[in-house]
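Novice: With chain A held as given, fit chain B onto it using these hints.
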Amino acid sequence: MIFLGELALWIALPIGIWGAAAGFIGGRMERGDFVRSAEHCVYAVFFLLVLTSAGIITAFVTDSFEYWYVANYSNRELSLFYKISGLWAGQRGSLVFWVLLLSFFSAAAVFTNREKNREFMPYVAGILLTISSFFLVVLLFAEVNPFERLPFAPADGRGLNPQLQNYWMSIHPPTLYLGFTAFTIPFAFAMSALLSGKLDTRWIVITRRWILLSWFFLANGIIFGMRWAYLELGWGGFWFWDPVENASVLPWLTATAFLHSIQIQENRGMLKVWNMGLVTLTFLLTIFATFLTRSGLIESVHTFAENTTIAFIFLAFMGVMTGACILLIAWRYPHLKSENQIQSFLSRESAFLFNNLILLGAAFTILWGTLFPLITEGLTGQAIAVGPPFFNRVNLPIGLALLALMGIGPVIAWRKASRRNLVKNFRMPVIVGAMVVGALFLRGVNHGMALLTFGLSAFVMTIIIVEFVKGTKARARIEGEGHLLAFYHLVSRNRRRWGGYIVHVGVVMIFTAFAGVAFNREIVQTIDPGETVTIESPFGHEYALTYQGLSSPRGENMVRQAVALMTVERDGRPVESLRAEKVLYVKWEESPISNVGVNSYLLEDLYLILDNVNDLGAAFENDAAAQRATFKVQVNVLVGWIWYGGFVLTLGGIIGLWPSRGSTPTVARSTTQTGGERPALAVRS
Amino acid sequence: MRDNGKFFAGLGGVALVVTYLIWTGISESMVYYLTPGELMARVEADSTFHEVGVKVSGRVERGSWNREKDELLHRFTVIDLLDESVRFAVEYRDILPDTFNDTENVDVVVEGRYREDGVFEATVVLAKCGSRYEATPEELLG
Chain A
1 MIFLGELALW IALPIGIWGA AAGFIGGRME RGDFVRSAEH CVYAVFFLLV LTSAGIITAF
61 VTDSFEYWYV ANYSNRELSL FYKISGLWAG QRGSLVFWVL LLSFFSAAAV FTNREKNREF
121 MPYVAGILLT ISSFFLVVLL FAEVNPFERL PFAPADGRGL NPQLQNYWMS IHPPTLYLGF
181 TAFTIPFAFA MSALLSGKLD TRWIVITRRW ILLSWFFLAN GIIFGMRWAY LELGWGGFWF
241 WDPVENASVL PWLTATAFLH SIQIQENRGM LKVWNMGLVT LTFLLTIFAT FLTRSGLIES
301 VHTFAENTTI AFIFLAFMGV MTGACILLIA WRYPHLKSEN QIQSFLSRES AFLFNNLILL
361 GAAFTILWGT LFPLITEGLT GQAIAVGPPF FNRVNLPIGL ALLALMGIGP VIAWRKASRR
421 NLVKNFRMPV IVGAMVVGAL FLRGVNHGMA LLTFGLSAFV MTIIIVEFVK GTKARARIEG
481 EGHLLAFYHL VSRNRRRWGG YIVHVGVVMI FTAFAGVAFN REIVQTIDPG ETVTIESPFG
541 HEYALTYQGL SSPRGENMVR QAVALMTVER DGRPVESLRA EKVLYVKWEE SPISNVGVNS
601 YLLEDLYLIL DNVNDLGAAF ENDAAAQRAT FKVQVNVLVG WIWYGGFVLT LGGIIGLWPS
661 RGSTPTVARS TTQTGGERPA LAVRS
Chain B
1 MRDNGKFFAG LGGVALVVTY LIWTGISESM VYYLTPGELM ARVEADSTFH EVGVKVSGRV
61 ERGSWNREKD ELLHRFTVID LLDESVRFAV EYRDILPDTF NDTENVDVVV EGRYREDGVF
121 EATVVLAKCG SRYEATPEEL LG
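Quick mapping for you: the protein sequence lines, in order, are chains A and B.
Following my numbering, the numbering of the first sequence begins with 1 at its first residue and continues without gaps.
Following my numbering, the numbering of the second sequence begins with 1 at its first residue and continues without gaps.
The shape of chain A in the complex, shown without the other chains (with noise of 0.2 angstroms):
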């Protein structure tokens, strides 16, 4: 099987650059016969590709480190669960799972395609198949080989980090990678569509859910990383401006950008060359994203090993990309002008653009100060870093900007929003919002970038609850149906709009999280069992930790485990318990793993750090005299919002890509040729 998986892999790479090849001909030269061919190419890529995964799964679980990778990111005792994991646990598996889960995307592509949009195929399966056929070089040509064998087998592996060893950190890569890859897909319709000179909305509208799905999943791998690191690694903190973590929110900002763009093509016929744009832009940074993770270019607590070989090749790879894309839309851009032109500031399509504006304003800093010790070292030749007071500074008005937005962009009038449109929307939302500023001022909150925050939160709650109450309303009364039916009509009638409102529910909550930071209180104690710590949060409720002492069971996987238990108080009534632990992997004996305690509340967290045990090594010994201990307790406000908005999120674009039944998204004209007429507006409710 192992075997197996790796003659996949080297198979895999000839068909994927046959394939490519084939569909580019194909479409050049209208034959039918080499498209056929081409779209074999994919469904075999992604069958060999299944038993190259399939190869390193079974690696690991049959335990045979004389597999480099096996033998580094496993042991024995590692249980089954992060033995599969492993797939993805380091650069090599990973790269692998990312052309996984290309080539899966590839095929499903095709295969819904198999009967229509037959002219942006050829393409398509052209240039996803290249972009496979990249991946595949750098695994078996940039020393990268997950079959690489030692020259004899070691008896055991080194086993995985035990900061993996998480259950959020398993599933935090993959969502990601799935957000990746998907985004593929549109990339590769833009591009055939400026290949094929098919330039009306066909590929947008082909590719909309595409775009939704990546979106979802970009937007559900970042929430994950936040867990795990408010979890595993960040002492309650759940976001750094680490280089990693700023990799993986580019393309989500630009995913974001588009996902809002789009609809402006799609109702006015604007913004062609800018969606061309933002849709290269996007897909050029989820593979900067994969780059920056496995090349270990920009020093970070994420990337692994330093490898030249493939930064080069990976650096190589996004300056062809850039320069084609360049080139094709520069190629195409008399067919890309703009049907209609801005009427109003006071519009929809001007809302929604200086969303667009704004999103890449964001995306922009973070990119600029993640490379600037690169740029300043290649400049001046010495390093200047920006820390998290850099992003923190720049992005807190950004964000404000957008989350005003939020509640502006959906209920503004398209063309030129008249005195009475604005009055009519915006009066009660702003009459709710600053009622909420005042209200929350008036109970001694003076912080003044979280009132801004709370107050637009409650502006765009206020537009969005209003929206839905009115659509339901104004259904019940026309169908004559139930407010409960009529609710559920609207909705299900046209998901992508209210699904989208949901979402934005999601997001307002995360944003209102954020600020929740600015009340954070803690307290570090060292104390002997018996003891009491106690703090009080911003909300007034009072927590008492009572320390019960230390114990040591074992655990799965783990040498020693010293637990300390706390039990707690709030306001007087005992609730559940607190452990916090330090753990001693199998594997890992120098450096042990913190594990905190939390208890979530509605509004709050407390949190439990055991930071020091004054003896240690007798602790893990069951030692009763050795307990006395330092803590640290944290109250992290709003800090649940973020997984309570990350639900709610989720249920929205859930909502926005269930399938409608019985019909595919339907295009406004299918026929104009290279854009010259104008298609007719979609209609909107």
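Since the hints were derived computationally from the structure, they do not count as laboratory data.
Be aware that a few hints might be false.
[Stated by the list, open to error] Beta-carbon label-pair distances, calculated as ranges:
1) B:66 x A:625: 39 to 49 angstroms
2) A:111 x B:64: 56 to 66 angstroms
3) B:123 x A:197: 55 to 65 angstroms
[Said to hold, decoys possible] Which stretches of chain B does chain A cover? Using the computed rule of at least three CB atoms under 8 angstroms from a CB of chain A, they are:
4) 39 to 46
5) 58 to 72
6) 78 to 92
7) 111 to 117
[As the list claims (entries may be wrong)] Listed below are several chain B residues computed to face chain A (Cβ distance under 10 angstroms; list not exhaustive):
8) 31
9) 55
10) 124
Yeah, the Cβ is synthetic: ideal placement off N, Cα and C, and Gly gets one too.
Specialist: For chain B alone, kept in the frame of chain A given last:
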């Protein structure tokens, strides 16, 4: 593109604001990113460098890590990756990352201020066990 004049005006406006934010953001939070050797040379040439925030990457000296009993204060020594004789003491008053230790070669990035008494007062410590992520075949066999 006369028809999109307003769009470009908007683009210009946002670009200006973003540039302003980046500019002020950088001038307020930029730090030199140095090796211990470079830090020493800088401080020697210009003693006001003690006041400036810097970020230094080096390695934790084996066996140099001490923590104050009953207090959250860590002390350790950072050495230059290339020249082990270049070193300085670090003080850090928060919880260290789990990847930090002084029994193997741990690479660290410390951010803070190099005080005039020769102690680096760190506000951020990042630790990376480079060698522990991946091993060469020789290491695996040994």
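Novice: In ascending order, which of the hints set out earlier in this document are inconsistent with the structure?
Specialist: 1, 4, 6 and 7
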